[in-house]
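*Asks:* Build the complex from these two chains, which are given one at a time in their own frames, with help from the hints.
Next come the chains, spelled out residue by residue.
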Amino acid sequence: MTLLVVACGLLLLTGLGALLLQRRPRGAAVFGVSGTVAAAMLGLYPCLRVLLGGSAELMCLPWPVPGGAFAVGLDAVSAVFLIPVLFVAALSAIYGVEYLQPFREGPAAGRSWFYYNVLVASMVMVLLARNGLLFLMAWECMSLASFFLVMYESEKPGVREAGWVYLVATHLGTACLVAMFVLLGREAGSLDFGRIGALPPAVAAAAFCLAIIGFGTKAGFVPLHVWLPEAHPAAPSHVSALLSGVMIKTGIYGLVRMLMLLGPPRTEWGWVLIGIGLTSGILGVAYALAQHDLKRLLAYHSVENIGIIALGLGVGVLGLSTGHPLIAQLGFGGALLHVVNHALFKSLLFLGAGAVVHATGTRDIDHLGGLAKVMPWTAAAFFVGAVAISGLPPLNGFVSEFLVYYGSFLSCLESGARAALPFIGAIVGLALIGGLASACFAKAFGIVFLGEPRTEQGRSAHDPGWTMRLPMLILAMACGAIGLGAPWAVRAMRPAVALLTHEPTAIIFTGTGNVLDLLGGLTECFWALVGLVGILGLGRWVLLRGRVVRQGLTWDCGYAVPSPRMQYTASSFAQWFVDWFRWALRTEHHRSLPQGVFSGTAFMNTETEDGFHEGLFRPVFERARWAFSKLRWIQHGQLQLYVLYIALTLVLLLIWYASHL
Amino acid sequence: MNVVACVQTVLVLLLAPLLPGVINRTKAFFAGRQGPPVLQLYFDLWKLAQKGAVYSRTTTWVFRAGPIVGLAAVLVALFLTPFGKSAAPLAFGGDLILFAYLLGLMRFMTVMAALDTGSSFEGMGASREAFFSMLAEPAFLIGLVAVARVTGSLSLSGMLANVSAETWLRVGPALVLIAAAWMVILLAENSRIPVDDPNTHLELTMIHEVMVLDHGGPDFAAILYGAALKLWVMGALLVSLLIPVHPGVLWKNGLMFLGGMFLLAVGIGVVESIMARLRLARVPQLLMGAMALAALAMMLVLK
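For the record, the sequence lines run as chains A and B. For what it's worth, this note's numbering labels the leading residue of the first sequence as 1, then goes sequentially. For what it's worth, this note's numbering labels the leading residue of the second sequence as 1, then goes sequentially.
Because the hints were derived from the structure by calculation, they are not lab data. Note that the structure is predicted; figures quoted are calculated from it, not measured. Just so it is clear, CB atoms sit at the ideal spot from N, CA and C, and this is done for glycine as well. Be careful, since some hints might not be right.
What the hints assert, rightly or not - Sample of chain B residues at the chain A side, in silico, Cβ under 7 Å:
1) 55
2) 131
3) 138
4) 151
5) 255
6) 259
As the list claims (entries may be wrong) - Here are some chain B residues the structure puts well away from chain A; computed CB gaps all over 12 Å:
7) 21
8) 28
9) 29
10) 35
11) 36
12) 40
13) 43
14) 164
15) 180
16) 224
17) 247
18) 248
19) 252
Chain B with its partners taken away, still in its complex shape (with noise of 0.2 Å):
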C-alpha cells in the first residue's frame, strides 16, 4: 500500500458527493432553473448526521446493518478502485471479481433491509432491485473478461492502467461497445434515467429510493453517502477505460482522472435531461442490450 494511493483514496472520499452535485446543477441548466448548490448533499449530510433516528417497531438488527455494511462493502470496493491510471492501494489479480460481488452485498443488504420493514411498498422496490442488478452483472462482468484479455491483466489497476493509445487503435470498436454497455449498466445500478428517476419520491415505478424510504438520520446519510461512493467507483472505472494516454506524472494523471469524473457527471445529467424513464417492462431490455454489446465486444477481442 502506497502513501500516494491513499491520499488519492482519501481524496475521492472527499470528492465523491460533488457527482450528484454537478449532475444536478446539469439538468437545471437543461431546465433553465437556478437548481441547487453544488455542495448540496455535504449540507445534506452534515444536517443527517446531526439528527437522531426514528426506528419503525417491526424492523430488526438486519434493518440496522443495511446501511453500515452497504457503506463498509462500497468502501472495500473503493480500496480497489484505480484512480485514473494511477494504482488503487489494494490490488491483486482477480479483484475484479471481489469488485463486483462487494457492490453485491451492498445490494443485498439494502434489499434485506427494505424487506425489514414489512411495507409492501418496499418489498417492491427491493425485488426490482434484484431482478434488474441479476441482469446487469453478467453484462459488466463480459466486459471486464474483454478488457482483460485486451491488456493482458487480472487486477483492475493493472488493466486500465495497460488501456494506451496503442490498445485503441487495435481494438477501439470493442472498447467502444465496453463503455457504451457500462454506462447503461452504471445508469441502472445508480438507478439514474432511463432506469430508475431519483426525482419522484412517491411513484411506483421507481426503485432505488423506495426500498431506502424508512431510513433516517445518520442511517440515511450512509445511505447517500455510499450511493455516491458507489456512483463513483463505478465512473471511475468507465474513466479510465476511456482515457487513452498513460501521462506518467502524477498531477497530470489526477487531472486528467477528475476531469473525466467532471464531464461523466455533466453526460449523466445530459441524458437525464433529454431523456424520459423507460417503462418498468422496457428496463429488462435495455440491460439485455448492454448485455448483447459486451457480447459482441467479447467477439470482437476474441477473433
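Chain A with its partners taken away, still in its complex shape (with noise of 0.2 Å):
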C-alpha cells in the first residue's frame, strides 16, 4: 500500500522534473520515463501479492475536506486493475522515448511525459480511491491528462477536434458521476466507499443507471463510445496504447466497484449489461472492418473488446442474482481476465501501429503492404496480437472468452426458458463477434504486412530500434504465456472473483465442476498444438531436404506481371462485411466508372462516419449550440462587468443561505 502511495508520489515528482526541463527533450524525456519505470517495479509487488493471497489493506488519513477521509485502499479488484496499468504504462513509456524523436524540436515533447505520469498517477490513484471526492479528483486529472496528450499534435485540425470530442464527452461522463456520488452520499452521510450500503432498491437503481452512462462513456459502451474513435488515433501511438489498453478500463473498473457497492445486483441488471455488450461487441466490430486508418480500427476494436467484458459482466451478475454461484464465477472471472488480456493486446498492437506510421507515415491501410518483409519484428509481433485478440487457441484472447462462453453454456443447461435467453444471446454474440473480428485482423495484418508493398515508403520502411521493439516482445509473450499458462492465470483472478461473489477465495472455480482442472484439458490441447505445429514443421525440414526448393512469382492463375496495385485492398476484403451491416453502417460510396472501350480515370472510394456521432450527438449539440448562442451577450469582454457578475452571484448566494438559517 505505501509502496504504492510512493509511487504516485515518485510518478508526480518526476513529472514535474521533465515539465521543468521541457526545453531539453532527452532530459525530460529521461525524467518521465524512469520515473514511470520506477514507479511500475515499486507497485507492482504490493499488487501481486494481494493477488497471490495476501491480504487487502485501507489507509484512512483525515484531510480538510468535506464527505469523509482520504481514504485509499488496495484490494485484489484493484490489483487486477492496477498491474496492467503499471505494466503496460511502463513498456509504454520506454517506447515513446524513440517514437517521439521526430519532434525533438519545441517543448510539446518534454511537456508530454509530464502529462503521461501526471495520468498514470491518477490512474493508480482512481484505482486506490475508497472515497467518492477522491475518486473523482482523481478521475478529473485523468481526463485533463489524458485530454493533453490527446492534443499532443494540436496544429492538425482533425487532433484538435478529436481532442474537444474528448473533453465533452468525458466531462458528460463525468456529470453523471458526480449525481451519482451525491445521491450515494446523501443515503450513506459519507462519500466513503466503506460506509456505502444497505440503499433501497430505487436509490440503488438510479445510482446503477448514472454508472451505467458515466463509466460507459469512459469505457465506450455503444452509443456512448463516439471520442473513442476520436482520439486514440489522434494521440501518439504509445500514449493510444495506454489509452486504449488501460485508461478505458477504469471505466469498467468503476462498474464493478458499483457493483461490489450497491448489494446485491438485480436481475434486470444483467439484461442490461447483456444488452449493451451484445451492441457494443457487434456494432463496435462491424465500423472497424469497415476502417481504412488502422489506429482507427483498432480505437473501435476496443468497443468490440468493452463489449465483451460487458457481457462476461452481465453473465456474472445474472449468476449472483438468480442464484448460482459457478456461473456468477465464471462471468466475472471471464470478464476481469478478458480486463487484463485486452490491456496486453490491444497496447502490443497499437505499438505496432505505432511502429508503421513511424516507419511509412501513413495510417492508411489501403497504402501499405508487404511490411513483414521489411519489419519482420514488427510483423512477428503484431501477429501474435491480431491472433489473441480474435480470441484464437492458444494465446489469451481465447482462455477469458472461453470463460464467459462455459459459464453461458452451463446456465443453457441448468435454467429455464426464459433465464436461458439472454446466455443464448451471449454465446450467439460471442460467436459472431469472434468471427467478425478474426476476419478483420486477417484484413489488419493481411493487407498492412503481407503481400507486395504499394507505395515507395512500404519498401523502404525497417524495424524501428530496440526499445521500440523490446516492449512489443514482452507484450507478445505475456499474450503467450497467460494462453498457455491459463490454470495459473485464471487462478490468480479468484480472490478478485471472491469479492464480487462474496465467497470465500479457497472455493472459487473449484466447486461443482471444477474450473481449474477443466482449465488444464484446454492448456494440454493448447501444448499439443504448439507441439504439433513443431513436429509437422520439422517433418517439413526433413522432406524439403535436398530437394530443389525454388523461388518464383506468385501464380495467379499464369498472369504474368502483376503489379502491387493489383492486389486485393482492405476495403474489397471487407466489402461482403459492409454490405451485410449497410443498415447500421451507411457507408458512402464515391465513385466514377470506367466507361467506353478505352476509359479514362476511374476511381472509387468508401468512407464510413459513425453513425452516433452524426446521426445522435451532432444534431443535439448543434441544437445546444444554437440555444447557447442566445446567451452569448453576457460574455462581452469588459472585465468589470465580469466582476459584477461574480459580485451579484455571491450577494444571492448569501441571500438565500441567510434565508436558510
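*Replies:* In C-alpha cells:
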C-alpha cells in the first residue's frame, strides 16, 4: 500500500521534473521514463502480493475536505486493474522515447512526459481511491492529462477536433458520476466507500443507471463510444496504447466497484449489461471492419472488447442474482481476465501500428502492404496480437472468452426457458464477434504486412530500434504466457472474483465442476497444438531437405506481370461484411466507373462515418449550441462587468444561505 | 487418455482420406462415369510428399506456417472428436468451444497464407471464406447449445454419447433440425456444392481452392490431408448425433460409426450430383437459413 502511494508521489515528482526540463526533451524523457518504470516496479509488488493471497489494505488519513477521509485501499479487484496499468505504462513509456524522436524540436515532447506521468499517477489513484471525492478528483486529473496527451499534435485540425470531442464526452460522463456520488453520499451520510451500503432499491437502481452512463462513457459503450475512434488515433501511438489498453478500463473498474457497493444485484442489471455487451461488441467490430485507418480500426476494436467484458459482467450479475455461484464466478472471472488480456494485446497492437506509422508515415491500410519482409519483428509481434485479439487458441484472448462461453453454456443447461435467453444471446454474440474479429484482423494484418508494398515508403521501411521493439516483444510473450499457462492466470483472478461473489477464495472455480481442472485440459490441447506445429514443421524440413526449393512469381492463374496495385485491398476484403452491415454502417460510396472501350480515369472510395456521432450527437449538440448562442451577450469582454457578475452571485448565495438559517 | 481412444484416432488418421474418394465415386456413378479410384487422395498425398517446393517471392513465413498450423489445429480438433458413441482421447467440459475455435484457427491461417501471396485472386477467396464462416459459426454453436441442453453434458464425447433412442423420442424434431443445420454448415465449411465447387479450379466463384492455388509439394499435401480431416471431424459430430443407440460393444460401435460416415460421404456425393452450385449472393441466405433452423431447434428444446 505504502509502496503504491510512494509510486504515485514518484510519478508526480518525475513528471514535474520533466515539466521543468521541457526545453530539453532528452532530459525530460529520461525523467519521465525512469519515473514510470521505477513506479511500476514499486507498485507491481504489492499488487502481486494481494493476488497471490495477501490480505487487502486500507489507509485512512484525515483531510480538510468534507465528505469523509482521505481513504485509499488496495484489494484484489484494484490489483487486477493496477497490474495492467503499471505494466503497460512502463512498456509504453520505454517505447515512447524513440517514438517521439522526430518531434525533438519544441517543448511539446518534454511537456508530454509531464502529462504522461500525471495520467499514470491519476489512474493509480482512481484505482486506489476509497472515497467518492478523492475518486472524482483523480478521475478528473486523468481526463485532463489524457486530453492534453491527445492534443499532442494540436496544430493538425483533425487532432484538435478529436480532443474537443473527447473533452466534452468525458465531462458529460463525469457529470453523471458526480450526480451518482451525491446520491450515494446523501443516503450514506459520507462519501467513504466503506460506509455505502444497504441502499433502498430505487436509489440503487438510479445509481446503477448513472454508473452505466458515467463509466460507460469512459469505457466506450455504444452509443457513448463516439469519442474513442476520434481521440485514440489522434494521440501519439504509445499514448494510444495506454488510453485504449488501460485508461478505458477505469470505466469498467468503476462499474465493477459500483456492483460491489450497490448490494445484491438485480436480474435486470444483468440483462442491461448483456444488451450493452452485444450492441457494443457487434457494432464495434462492424465499424472496425469498415475502417481504412489502422489506428481507428484498433480503436473500434476496443469498443468490441469492452462489449465482451460487459457480456462477462452481465453473465456474472445474472449468475449472482439467480443464485448460481459457479456461473457468477465464470462470468466475473472471464470479464476480469479479459480486462488484463485486452490491455496486453491492444497495447501491443497500438505499439505495432505506431511502428508502422513511424516507418511509413501513413495510417491508411490501403497504402501499406508487404511490411512483413522489411519489418519482421514488428510483423511477428503484430501477428501475435492479431491472433490473440481474435480470440483464437492458444493465446490469452481465447482463455477469457472461454470462461464467459462456459458460464453461458452452463446456465443454458440449468435454467428455465426465459432465464436462458440472455445466455443464448451471449453465446451467439460471442460467436459472431469472434468470426468478425478474426476477419477484421485477417484484413488488418494481411493487407498491411503481407503481399507487396503499395508505395515507395513501404518498400524502404524498416524495423524500429530495440527500445521500441522490446516492449512489443514483451507484450507478445505475455499474451502467449497467459494462454499457455491459463490455469495459473485464472487462479490469480480468484481473490478478485471472491470479492465480487462474496465467497471465500478457496472455493472459487473449485466447487461443483472444477474449472481449474477443465482449464488443465484446455492447456493440454494448447501444448499439443504447439507441439504438433513443431513436429509438422520439422517433418516438412526433413522432407524438403536435399530437394529443389525454388523461388518464383505468385502463380495468380498464370498472369505474368502483376503489379502491387492489383492486389486485393482492405476495402475489397471487407466489402462482403460492409454490405451485410450496411443498415448500421451507412457507408458512403464515391465513385466514377470506367466508361467506353478506352476508359479514362476511374476511381472508387468508401467512407464510413460513425452513425452515432453524425446521426445522434451532432444534431443534439448543434441544437444546444444554437440555444446557448442566445446567451452570448453575457460574454462581452468587459472585465468590470464580469467582476460584477461574481459579486452578484455571491450576494445571491448569501441571501439564500441567510434565508435557510 | 485410454488405449481404445488412441487406436480409434489412429484409425481415423488412416481412414480420413477415404471420404473424398467415396464422394467422388458417388458423383461418378451419377454421371455414368468410371471415376477416379477410391484411394485417389492417398496416391495424391504420396506423390505430393515426394515433391520439392516452389515459393512465391512475395510470400513470407506466414505462407509457410499456414498449412502446418492449419493441419496441427485440425489434428487437435480430432483428438476432441468422439468415435461414434465412444469417447475421444481428450474430453473435458467446454471442449466443444475449443473445437469450434480450432477450426477457426485453421481458417484464419489459410486466409492469412492466401493474403500473403499478394494475388487478388486469392484475396477474393480469403474474403469469401472469412465472410461465410462468420455466418456459419453462430449456427453451429446454437446447435451445440441445444444438444448440450438435451443431453446435459458440455463435452463433445459426453453429449453425443448421451444421444439415445429415448432422446430421439423426446426431442426428435429438434434433433432433425439441428442435423439439417449442421449438414448445411458441413457443406459450406468443407467447400462442397451448393456453396463451393471443388471441381472448378479456375472459376471466379469459388472459395477454398482459390486460396490454396500457390501451395505445392508437401505444403499442399498438408492442406489436402487437413481438408479431409476437417470433413471427417465435422461429419463425425453429425453421424454421432444421428446414431440413436449406444451399442455398448466396441466393434458394434465402430461398425455403426464407420457405416454412418460412409453413408454421409455417399449423401454428400448425391447432393453434389443432383444440385447446382448456388449463386454466390445466395450463399449468405442459405447460411442464415441454417441459423434459423438451429434457432428453431433451440426454441423447441427450451420449452
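*Asks:* Against the earlier hints, flag every one the structure doesn't satisfy and list their numbers going up.
*Replies:* 4, 5, 6
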